[in-house]
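J.: The lines below spell out each chain.
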Amino acid sequence: MSIEKHTNSDLLSLLPKPVSNDHEASLRYAQMIQRALMPDPLILKDKLKDFFIIFLPRDIVSGDFYYVFGNKQKICIAAGDCTGHGVPGALMSILGISFLNEIMKCDLNLNANRILNLMREKIMYALHQTGGCHEAQDSIDIGLCIIDFSTGKLQFSGANRPLIMIRNGELTEYKPNKMTLGIAPVKEASFVNTWIDTKPGDSFYMFTDGFSDQFGEITDKKFKYKHFKRMIHSFEELPMSQQKEHLENAFNEWKGKSQQVDDVLVIGFRL
Amino acid sequence: MMKLEAFRIKNFRSIVDTGWQNISPDNITCLIGQNESGKTSVLEGLKVFYTGIISEDVLRSDLTLPEVSCRFSIPKGWLIKVTANPGTELKELLSGLIHLELTRTWIADLSSVINVSGEISQYLDSLEDAWRIYLNDVTVKLDEELVIIQELEKNLSVLSEEESIIKSKLSQDERKRFSFHLFGRKPVEAENQKNNHFPGLMNQLNELKKQKEEVSELILKKEAIKKAGDTWKKMMNGCILIEKHLKDLSIKLEERHQRMTLLMRPLDDEADSEWKEVLEDFRKTRAEREVNLTALDNHIALSGYIIEGNTEEEASIKVNDIIHSYKSHYNSAFLGKKYFEYCPVFELFEDFGSLLPNRIDMEDIISGNENVEGYKAARNFLSLAQLDYSFFQQQSSRILKQKIENLNRTLTHNFHDFWQQSIGRNNKIHIQFELDHYSSSFVGKAGKPYLEFWIKDEGERLYPKQRSRGVRWFLSFYMELKASANLTDRQKVLLVDEPGVSLHARAQEDVLKVFEDIKDKIQVIYTTHSPHLVEINKLYRVLAVQRDDLDSLKSTSRILDPLQLSSASPDTLTPLQSILGNPMADERYSSKRFNLIVNDTGSFYMLNAVILLMGYKGKVCVIPSTNISSIPLLCNILMGWGMDFGVLLFDNDTEIQLDEYMKNSAFKTENSSRELIMRMPRTFLNSEDLLSTLDFKNHILETREGITVPNSVYIKEKEVPRNFILSKFLSNVKEGKIKVSDFDEETIENFKLVTDLFGSVK
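Protein chains in written order, with our numbering: chain D, 2 to 272; chain G, 198 to 959.
Treat the hints with caution; some may be incorrect.
[What the hints assert, rightly or not] Below are the PhoX-like pairs computed for lysine-lysine, each with C-alpha atoms no more than 25 Å apart in a straight line:
1) G/K338 / G/K423
2) G/K949 / D/K154
3) G/K473 / G/K441
4) D/K222 / D/K245
5) G/K625 / G/K645
6) G/K473 / G/K431
7) G/K814 / G/K662
8) G/K535 / G/K200
9) G/K430 / G/K441
10) D/K188 / G/K441
11) G/K406 / G/K364
12) G/K931 / D/K188
13) G/K406 / D/K179
14) G/K430 / G/K418
15) G/K273 / D/K188
16) D/K258 / D/K245
17) D/K200 / D/K75
18) D/K188 / G/K925
19) G/K338 / G/K418
20) G/K431 / D/K188
21) G/K689 / G/K716
Hint data in this document are derived by calculation from the structure and do not stem from the laboratory.
Please build the complete structure, drawing on both the sequences and the hints.
T.: Here you go:
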């Protein structure tokens with residue numbers, strides 16, 4: 002096993018005990034900070050009929066993050082997946098949360114795609130990405146939606162992360178732009194904004210790729226996105242708390258005793 | 198304290214209604230226009246606002262009477278100080294006002310009254326309206342009461358009639374009974390009749406008496422109302438008669454005005470004395486009408502209380518209270534008169550009496566003999582030298598001469614600050630005055646002091662009259678203005694009709710210098726045909742006067758404010774185009790297009806690119822200013838060319854300041870149908886911010902680095918050659934290398950904002 006393949010916690014276990022304890026304590030503290038930076042999911046309680054958040058960091062700190070910001074009229078929900086996991090991923094996630102905060106606090110009337118455009122500029126600026134060869138290629142994949150309760154409209158814009166809507170038992174997938182929040186291979190283009198007229202009872206799901214990329218203990222195969230979709234679809238009538246339970250059980254069963262390969266984040270909510 | 202801000206003249210010579218016209222906020226206003234356009238009428242209209250004196254000459258052919266209103270700016274709270282006991286509501290209104298409107302109106306006898314107009318009069322009118330409504334209600338009640346009284350009286354007379362019939366029946370019955378009684382027997386029928394009718398009639402009579410008493414009592418109760426009603430009717434008839442008489446007299450006065458206007462000469466003596474009688478009668482009757490109407494109103498109010506059952510004494514006490522509650526003890530005329538005391542002095546500078554004389558007697562100056570030639574100029578001269586009579590009482594002639602010499606030097610020195618012309622190359626003129634005494638050869642004046650004036654140059658010493666009219670005019674004009682400026686107690690509005698017509702172009706420019714010098718103390722309104730008397734960068738001072746129908750002298754005069762100059766005829770704009778040159782033949786700067794001034798060349802490229810990309814079909818011509826501070830100058834030039842224009846301002850500090858400046862001072866207009874300034878509706882610091890960051894990077898910078906600041910800030914921080922990159926951008930757009938489909942939705946949205954803004958101006 003090459004050292005590159007070790008997770009942070011693996012590395013910690015290789016270190017002499019007292020040092021390891023110190024590092025673990027630091028990471029635990031960092032985890033606390035990271036959790037504190039992410040919004041309290043309870044603020045969704047007043048806004049949404051029903052919701053769940055599955056947040057399973059692979060290591061103590063996570064490269065996935067979720068974000069909620071809003072006022073009486075609007076709410077913005079995002080599920081982000083930073084390159085890497087563990088400490089580097091966590092650092093990127095903190096960058097992402099900070100940029101989102103900066104943007105949202107400046108203007109809550111921005112369209113979802115404009116937020117992603119602005120975020121990309123900030124990330125590229127922070128990481129000095131100009132298209133050169135030896136630059137950091139870190140980035141964030143993210144799905145972001147804004148719900149306007151006064152109009153019932155939902156905007157979605159995605160950087161490599163889709164949105165799934167289930168209405169009256171029918172599943173619709175809103176595809177993301179095949180771009181990340183960071184330097185693009187050739188040329189950056191504007192993210193696309195998708196407008197959805199919501200109806201009461203509509204369920205939406207945003208997620209990172211941690212769930213579908215998980216290898217199974219028995220099969221040694223990935224869970225796969227199409228199975229993930231099918232599973233969500235099959236649970237859709239259940240209350241969100243039960244859906245969460247089923248998803249978590251399914252994930253744990255699939256994973257078994259094998260290593261969790263990536264951070265997992267799934268957000269589901271019903272209007 | 199009061200500063201003239203705007204005026205409105207109605208029915209004065211060729212003017213029907215100028216509408217409210219703002220005078221320039223920097224106190225110098227210039228009226229331009231062809232001959233006979235009505236410029237002088239504007240000055241005269243303002244003069245008569247102050248003096249109130251008009252003649253038939255100023256009336257229009259339909260004989261509608263003039264009305265001149267002026268709006269003054271006043272310090273907040275000032276009205277409270279000059280209005281004693283205004284009452285709670287009026288006090289509240291007055292304390293918040295920063296403008297005061299006064300209107301002078303004339304009536305048939307050409308006398309006039311100054312009324313306070315605007316908000317104050319609206320308030321007073323509302324009180325008057327409430328008072329009228331109250332009086333109308335009382336009048337209706339009084340009328341109803343009078344009808345009731347009439348009904349009661351009618352009822353009473355019917356009852357009285359019935360009573361007399363029954364009484365006569367009873368007396369017949371009684372006589373019959375009495376005659377049988379004499380014969381000592383009772384006839385059967387008589388006995389029967391007695392038994393049948395007598396008691397019945399008696400009962401009827403009693404009933405009638407009772408009813409009569411009741412009605413009489415009611416009438417008695419209403420006796421006071423009846424009396425009040427009778428008096429009311431009598432007073433009403435009196436008022437109607439007065440009104441009719443006044444109408445007849447007005448017709449007679451109008452006939453006279455008509456004859457005067459048609460004949461264009463004074464009437465003969467007989468007609469004149471007849472007119473004087475009519476005029477006298479008119480004035481007397483008007484005064485009488487006012488008294489009668491007030492008495493009638495008071496009587497109606499009194500009747501109201503009498504109807505309510507008050508005695509006449511009680512009612513008259515209550516009437517005073519009700520008048521107090523409904524009517525302010527001030528009315529528009531009273532307040533108008535009061536405030537007019539503080540109104541600036543409007544003075545028309547005229548050549549006669551204002552030109553410096555050769556000589557003037559001290560006696561005439563001291564006695565204020567205005568009829569003597571050059572009195573005003575001599576008075577101005579002394580005021581300018583800050584001399585009063587005590588100065589000339591100096592016993593020592595040597596000291597006096599020395600003082601005069603010093604003064605001459607100072608005056609000349611001050612004058613040279615404004616008069617730059619030389620006679621020859623370096624030969625400047627000197628002003629000199631001397632005090633002398635008449636010799637014995639002047640009978641009746643021997644020994645009396647007089648002042649003598651000289652205008653000297655190095656070559657010769659000449660009397661003012663021996664000098665050119667131009668020098669003399671300028672000197673007199675200079676003295677008038679400077680002297681007026683020394684009188685600090687009252688604000689002054691100086692009206693000057695074509696100043697410096699006989700002056701050289703350079704001296705005309707000196708006239709402007711004098712205006713500039715005194716503008717903080719004196720507001721100047723002048724007419725001119727001269728381009729030298731209009732400053733190129735201050736065209737906001739210009740009001741253009743022209744006839745509605747340019748080919749007819751019978752048409753009415755119209756005033757165009759600086760932003761309406763695009764509607765002015767080329768002839769009206771001649772003085773402006775003389776200084777600005779004619780607009781280029783190039784269709785870019787065309788009066789058929791809307792000219793949009795932008796802050797600089799970079800924005801010029803950017804906005805032209807937007808126009809091309811969006812395929813905007815409107816006729817907009819973008820004009821770049823060299824920098825933001827030059828925008829007012831460009832506005833002046835376009836105004837002078839009579840072109841339709843606007844200024845597009847972005848959301849940066851300098852342009853926000855300019856917006857404030859242009860809106861609050863120079864380019865403030867009352868009548869303009871549109872806004873001169875167009876502000877970008879969002880936070881765009883400059884034109885390049887119309888592009889999204891991504892499009893800015895892709896199409897302008899051609900770079901991929903992350904940019905987290907607005908595009909304009911990036912350009913500044915990185916010192917990017919803005920004009921160059923934006924010009925290149927425009928070239929690429931023109932060559933079709935960049936198309937609208939290449940931009941993201943954010944940029945397109947912003948471009949649309951711009952084109953929508955263009956659309957809104959046309």
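J.: Quick one, are G/K430 and G/K441 close enough, alpha carbons at most 25 Å?
T.: 16 Å, holds
J.: Given the hint that G/K406 pairs with G/K364, does the C-alpha gap stay at or below 25 Å?
T.: Between G/K406 and G/K364 the Cα gap is close to 11 Å, so the pair holds against 25 Å.
J.: When you check the alpha-carbon spacing of D/K200 and D/K75, does it fall within 25 Å?
T.: 16 Å, holds
J.: With the threshold set at 25 Å, check whether the alpha-carbon distance from G/K430 to G/K418 stays at or below it.
T.: Roughly 20 Å separates the two Cα atoms, so the pair holds.
J.: Between D/K258 and D/K245, does the CA-CA distance stay at or below 25 Å?
T.: At roughly 21 Å apart (the allowed maximum being 25 Å), D/K245 and D/K258 satisfy the hint.
J.: For the pair supplied as a hint, G/K689 and G/K716, confirm whether the alpha-carbon distance does not exceed 25 Å.
T.: Judged against 25 Å, a Cα distance of about 10 Å means the pair holds.
J.: Under the criterion that the straight-line Cα-Cα distance not exceed 25 Å, is the pair G/K931, D/K188 satisfied?
T.: Measuring from Cα to Cα gives roughly 24 Å; hence the hint holds.
J.: Against the 25 Å threshold, does the CA-CA distance of D/K222 and D/K245 hold or violate the hint?
T.: Between D/K222 and D/K245 the Cα gap is close to 23 Å, so the pair holds against 25 Å.
J.: Given the hinted pair G/K273 and D/K188, is their Cα-Cα distance within 25 Å?
T.: With a Cα-Cα distance of about 62 Å, the restraint between G/K273 and D/K188 is violated, given a limit of 25 Å.
J.: When you check the alpha-carbon spacing of G/K949 and D/K154, does it fall within 25 Å?
T.: Since the Cα atoms of G/K949 and D/K154 sit roughly 23 Å apart, the hinted pair holds (cutoff 25 Å).
J.: Does G/K423 lie within 25 Å of G/K338 when you go C-alpha to C-alpha?
T.: 12 Å, holds
J.: Given the hinted pair G/K473 and G/K431, is their Cα-Cα distance within 25 Å?
T.: 31 Å, violated
Of the hints listed earlier, those the structure fails to meet are numbers 5, 6, 7, 10, 13, 15 and 20, in rising order.
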